[in-house]
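Trainee: Kindly generate the complete structure, drawing on both the sequences and the hints.
If you count the sequence shown from 1, position 168 lands on 168 in full-length UniProt numbering, and the numbers rise without skipping.
Hints listed in this document are in silico derivations from the structure and should not be mistaken for laboratory results.
Hints may be right or wrong, so weigh each one.
[Claimed, not checked] SDA-like mimics (lysine to any residue), calculated; alpha carbons at most 25 Å apart, straight line:
no., residue 1, residue 2
1, K49, I255
2, K136, S257
3, K136, D158
4, K136, M119
5, K49, Q77
6, K113, K49
7, K212, P100
8, K113, V61
9, K113, Y103
10, K136, I161
11, K136, V92
12, K212, A96
13, K49, S257
14, K212, G200
15, K49, V262
16, K212, G235
17, K136, N256
18, K113, L217
19, K212, L195
20, K49, V254
21, K49, G252
22, K113, S206
23, K113, P100
24, K113, T209
25, K212, L23
26, K136, A122
27, K49, V61
28, K136, F125
29, K136, P232
30, K136, G235
31, K136, I154
32, K212, E197
Treat the numbers as computed from the prediction; the structure is a model and nothing was measured.
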Amino acid sequence: MAHTSSSEKVFAPAKKSHRTAYLLLAPGLVWLLIFFAFPLLNLAETSTKTPAPSFETGEFVQTFRFANFIDAFSANQEQFFRSFFYALCATVLALAISYPLAYAIAFRSGVWKNFMLVMVIAPFFTSFLLRTLAWKQILGAEGPVVSVLQFLRILPADATITATAFSVIMGLTYNFLPFMTLPIYASLDRIDYRLLEASGDLYANSATTFRKVTLPLSMPGVVAGTLLTFIPSSGDYINAQLLGSPDNFMIGNVINSRFFRVVDYP
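Mentor: Printed below as a string of structure tokens:
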């Protein structure tokens, strides 16, 4: 009579669960390989090419010229630094707005929690381009922002906000605000409320509880939101194109021009 050891009985379900996990992971990995890894490798290979001797537009030969990276940075230093500065400003503003908002949704919204979450993700129901065009109208010369500022004598009668660094940063902040709010909310919502009650039982006031309990436990969401906001903001070009001027162009605008107008891929 066959005898099955206890160790085989223990490890058999574990092996099956691992196999199931790999199968569930496979579609995502295939998608990343096809639509992310392979295009990225192709782009890296293209970046070391040089124009063909025939000088025909769009014709390049592989010469493994790694100096292309130095040339690209040297020729566009201003756009690189401007992109990082705009992205940093947008990230700081998004964090300043998102943390109180996420805190209110997680701990103070009550029956309105689901409604407030829907309001946070509502911008995703329209395209990125349309949202930016809407801000162009809001910040335009006839828009409500300029009208209010002129009424309060903060702006002169002939002043405008569009085609400035301010409008570009405002557009970046608005468009990427949900990417900051949702990770922070997720971290705050997972906090065990008993920890906050225990802090109060130990005579900690609200400020101390926030500083020593809530804020440290929410830092994973803050870090995730910061990365999800800063990285795409630094590579964006739509906001600078629609809300700014050539003096506000970011590195994304340079890449867009070199790719689709000059056809200079390397």
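Trainee: Would you list, in rising numerical order, the hints stated earlier that this structure does not obey?
Mentor: 6, 8, 16 and 25
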